[in-house]
Amino acid sequence: MSQNNKNRIALTGGAAAAEALKQIEPDVMAVYPITPQTTIIEAYAKFKADGEVATEVIEVESEHSAISACVGSSAAGARTVTATSSQGLALMNEILYIASGMRLPILMVVSARALSAPINIHGDHSDVMGARDAGWIQIFSENAQEMYDNTIIGMKLAEKTKLPVMAIMDGFNTSHSVENLEILSKEQVQKFVGEFAPEKYLLDVEHPVTFGPLALQNSYFEFKVQQEEAMGKATREYLKIAKEFEKLSGRKKDFFEAYKLEDAEQVIILAGSTAGTTKDVVDKMRKHDKKVGLLKINLFRPFPLKEIIAVLKDVKSIAVMERAISSGTYPPIYNDIVNGLYQAGENKNIQSIVYSLGGRDIFAKDIEKVFEDLINDKITKEIKYIGIKE
Amino acid sequence: MNKELAKNFASGHSACAGCGFPAIVRAILNESPDPVVVSNATGCLEVTSTLYPYTAWKTPYIHSAFENASATISGVERAHKALRKKGKVPKKIKFVVFGGDGGTYDIGLQSLSGALERGHDFVYVVYDNGGYMNTGNQRSSATPYGANTETTPVGKESFGKVEMRKNLMEIVNAHHIKYAAQANVAYLNDLKKKAKKAFETEGPAFLSVFSPCTNNWKFPTSQYVNIAKLATETNFWPLFEIEDGKYKINWATEKPKPVEEFLQTQGRFKHLFSEKYKPTLEEVKKIVQDEWKKLVDKTE
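Residue numbers (this note's numbering), protein chains in the order written: chain A, 1 to 390; chain B, 1 to 300.
Quick caveat, the hints were computed from the structure, so don't treat them as lab data.
Keep in mind that a hint or two might mislead.
[Claimed, not checked] Short, incomplete list of chain A residues facing chain B, as computed with Cβ under 10 Å:
no., residue
1, E56
2, H64
3, G328
Cβ atoms here follow ideal geometry from the backbone N, Cα and C, with glycine treated the same way.
My request is simple: use the sequences and hints to build the entire structure.
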């Protein structure tokens, strides 16, 4: 233990999220069970049963109602959280847009999982990628430590920007893996997130407000553009809050993690738990003088396009590895990166890769092969699928 | 307009002349002893009262979506509980949902059931006009047997809606709530009495209120109260309460008026009076009689 007030503790990603939520101690949490998220709400129910939190926990009858109750609670003026996965997030879809359109600072922990059909309970990013246009800030976590951190950062970011936030970890890979992590004290977390003091809220009966009016051709457009301006500003706000958290925790926080990128010629870009294995591969290949590196996405929406493209300036070739398909086109992060490179006037060789859908294992050798292909210029315009049976 | 009457719901909204719900909303909200927060399902009431930048609501109001007004109020009600404990919201507040029959019987039924089962302290009000009127008169599960709607049109091989109305009051009662009542906009004093009881009830209370639709039932705007009155006088829409599971009828007569007197006031039932649809008319009459008898049996 290097600094004061720090505890080391072994937790799964789910338990780490629950611990962060306990320290935040929101006013209201609306929940519905779904694998692999359920461990979070079970842990929280135990905190509540043991009198460790005063949070009003609403056990609703569906995820649609979970997010709907969150909309009501947040509009009412209460600090509000929920958690979900996969089909649950898909079921919430309609209300995700309403939460962001009403500018409600709801925090949602997502244990990212594959979408049916066929049904599969294991990790990938199909669910959160499907929600990427819903007006929510999205932050990916590599491991339990980052899940803990992003839950706390996410709560503050939501309330500062008046935009809802998804703090995301990989289902099972992170949510069910025990790791050793460092947690803050409850006092530190409480001080960091501060009081929630909305300007306008339903329970302020002296100043009645109408939430969710009908806006027609003469006003709807302005609402949506203003919302998008807020999303744009959230990029800076994220960095500010992430740096404050860095100061508090001693853990480096940024839009992304640039792992051995300074002189890198071949780079993998990805988000989530595979970053861990990729770093090992980078270390190993670096020992053989291969100039490889990793860019791990933390903040995904809003997408810090310029900052990402800036660190890729001297890179020769890139592989964007994703755990989601965007049916009929290239996957989401690839599209964002290509867009950024084009805007910067840079023409780089870039490979789109889809891997690990539905929890399919990915190994160090697979990632090494991705780097080797980049080194040997085996780059195509086709999407490559890693580990798919012939 | 009478300021006291419009203290929660102002004039200037764009509901049709001859629509039942403005009177329903005012009568109910004005019975609350405490400030009220309203959650409203998507529908006629919502679109005619919240056209940005105006609002008819002088009380805090939230419209989220069509099917989730009960889940939304669940969040508001629990937020109130949490913030009251913290001393951030000193006042007692009442919580009310308004939904049409589409948003209640159909798409919002799960959300309603969840909120009733969880026991939130709120009053749910369905203004029942027997169909999706905001989208132009499609059938709902509250549309009466034999009614002519855009999705159950009368044609060579169709007499209108084939199915009976869903018995929502029984479904609501199955949640063991303390108070549920059926009311009618034409009987305002009865409605107010029921609203008062609903507000006094701890936990969920439910009001089902008959609300004629001039546009899609097709009758002159001046007639909505008369038509609503006929609905009760013919036993088409009985007034009753369910208190702690016990049924009580609030209005009855030895000699109810013939159902035809109610049906013939509206374009949606016009076809029932031609020779061809005589059997359908007979079936409507039988349904009304049978349902009334079943209700009476429940009171014994």
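Mind checking the CB of E56/A against every CB in chain B and telling me if the closest is under 10 Å?
-> holds, 4 Å
Is the interface hint for H64/A satisfied, with its Cβ closer than 10 Å to some Cβ of chain B?
-> Where the cut-off is 10 Å and the nearest Cβ of chain B is about 6 Å from H64/A, the hint holds.
Report holds or violated for the interface hint on G328/A, using the least CB-CB distance to chain B and a cut-off of 10 Å.
-> violated, 28 Å
Checked against the numbered hints above, the structure violates only hint 3.
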